[in-house]
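As you go down the protein sequences, you meet chains A and B in turn.
Take the position in the first sequence, starting the count at 1, then add 228; the result is the number in this note's numbering.
Take the position in the second sequence, starting the count at 1, then add 661; the result is the number in this note's numbering.
Read the hints as simulated data drawn from the structure, not as lab findings.
Be careful, since some hints might not be right.
Interface residues of chain A toward chain B, partial, derived using beta-carbon atoms under 8 angstroms [to be verified]:
#1 Ile298
#2 Trp450
#3 Thr462
#4 Ala470
#5 Gln517
#6 Cys518
All C-beta atoms, glycine included, are put in the ideal place defined by N, C-alpha and C.
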Amino acid sequence: MTAHLLLTELAVRAGAKAHETTSACPCGAATLADRPDATVVRHAATVAKAHAPDTDPAGLAPRLALAARIPGILLPPLAPAPAALHGRLVTFWPYGTPVDPDDPDLAPWEAAGTLLARLHRTPAPAGLPEMRGPAKAAHAVARLHAAGPHPAVAPVLSAWRALPAWARAEAPQPDTTTVCHGDLHLGQLVRHPAPDGPWRLIDVDDLGVGVAAWDLARPAAWYACGLLPPEEWTRFLAAYRAEDGPAVPGGGDPWSALDVPARALTVQTAARSVVKAVARGRQLDEVEQCLVDACARMGSVPPQLTAGRAK
Amino acid sequence: MQCPKCHAQMHTYNRNGVQIEQCSNCRGIFLDYGELEALTRLESQWSQPGPPPPAAPQGYPQAAPVAPAWGAPQGGGHYGGHHGGHHRQKGFGRMLFSS
Numbered sequence: 229m230t231a232h233l234l235l236t237e238l239a240v241r242a243g244a245k246a247h248e249t250t251s252a253c254p255c256g257a258a259t260l261a262d263r264p265d266a267t268v269v270r271h272a273a274t275v276a277k278a279h280a281p282d283t284d285p286a287g288l289a290p291r292l293a294l295a296a297r298i299p300g301i302l303l304p305p306l307a308p309a310p311a312a313l314h315g316r317l318v319t320f321w322p323y324g325t326p327v328d329p330d331d332p333d334l335a336p337w338e339a340a341g342t343l344l345a346r347l348h349r350t351p352a353p354a355g356l357p358e359m360r361g362p363a364k365a366a367h368a369v370a371r372l373h374a375a376g377p378h379p380a381v382a383p384v385l386s387a388w389r390a391l392p393a394w395a396r397a398e399a400p401q402p403d404t405t406t407v408c409h410g411d412l413h414l415g416q417l418v419r420h421p422a423p424d425g426p427w428r429l430i431d432v433d434d435l436g437v438g439v440a441a442w443d444l445a446r447p448a449a450w451y452a453c454g455l456l457p458p459e460e461w462t463r464f465l466a467a468y469r470a471e472d473g474p475a476v477p478g479g480g481d482p483w484s485a486l487d488v489p490a491r492a493l494t495v496q497t498a499a500r501s502v503v504k505a506v507a508r509g510r511q512l513d514e515v516e517q518c519l520v521d522a523c524a525r526m527g528s529v530p531p532q533l534t535a536g537r538a539k
Numbered sequence: 662m663q664c665p666k667c668h669a670q671m672h673t674y675n676r677n678g679v680q681i682e683q684c685s686n687c688r689g690i691f692l693d694y695g696e697l698e699a700l701t702r703l704e705s706q707w708s709q710p711g712p713p714p715p716a717a718p719q720g721y722p723q724a725a726p727v728a729p730a731w732g733a734p735q736g737g738g739h740y741g742g743h744h745g746g747h748h749r750q751k752g753f754g755r756m757l758f759s760s
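The following block holds chain A by itself, in its conformation from the complex:
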């Protein structure tokens, strides 16, 4: 099946789902994302997502069920079970307004911290699989191995090898009871109902039990690498702590818990950047070089091996 066919049929499915609930439909359809790991189309107020071809149905079902159970935290799906379409699993969601990438000042750092804290305090349902953050990082590093020669490969791999086995997805995570999002970034928050409802977390693909600090670690890594201003990092962390988030101590230095996951996410982002730069035959840009430089500096400071014990 061609990617184009999937996109066309996914749009048809989204349209059919949208017309189930509304007869007055402006029928404005749009492709929100078309990547190897997910194809997402919108039809009016309905969004259809074709999950990655290797998505495990037994893993997606409990993740979807959890999203349906905590609608104040995760955007709830429109249908309780995935549909099958040309060998891909398809889920349906209400449309929510995303964060505007062109307006950093409007980024909802407080909502992100608050929602994560509530998610982390949610009792884990039986059968919820492991959070997939470390597995995704390992996947990015595996692709770096195959990328070919580049001066940034050595420092990134060296920083990776210094991480504990759980952070490299080579051992179970030290926490098996805390619900985590697994892939938090600013594209994972939407306002529902659009355009100005409350913020909700989206994307359940990596949801699972694991080390909750992983969910704070991408903003932490951005702050550490100079990509996120201190004020915004502080707003996010303070909101998380105000909601009694369990991933970091309630006060003082949070880096005993954040150090390992933030290193792993810096490595993951650096690895993806290098793979892209090699594939396109271009230099690393200034931001990408910041990440590689951070990996190089990790070599002189051993990781703080206390992640997952902050509770």
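Given chain A's structure and the hints, the job is docking chain B onto it.
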């Protein structure tokens, strides 16, 4: 000298002729009297030559949130306004919105 916050050793750096002390552990920065004004003046000269420096608020001592030792030199420092803002413009739309 020792860091007033975490008591680790502080190291002296020279930034454009201004001496600043940075903690080797928590990356917090200590400025002597007048040094913040001197840095602000230098920064405004760097970003927009010409206009007089704005009156800087009294910020003494300055403590940025804790950052790891492997972080960028500007990551934990309050003087990251210039550098952080610069990277933020380029990095925000892309890095902060993708896996």
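> Hint by hint, which ones does the structure fall short of?
Replying inline: 1, 4 and 5
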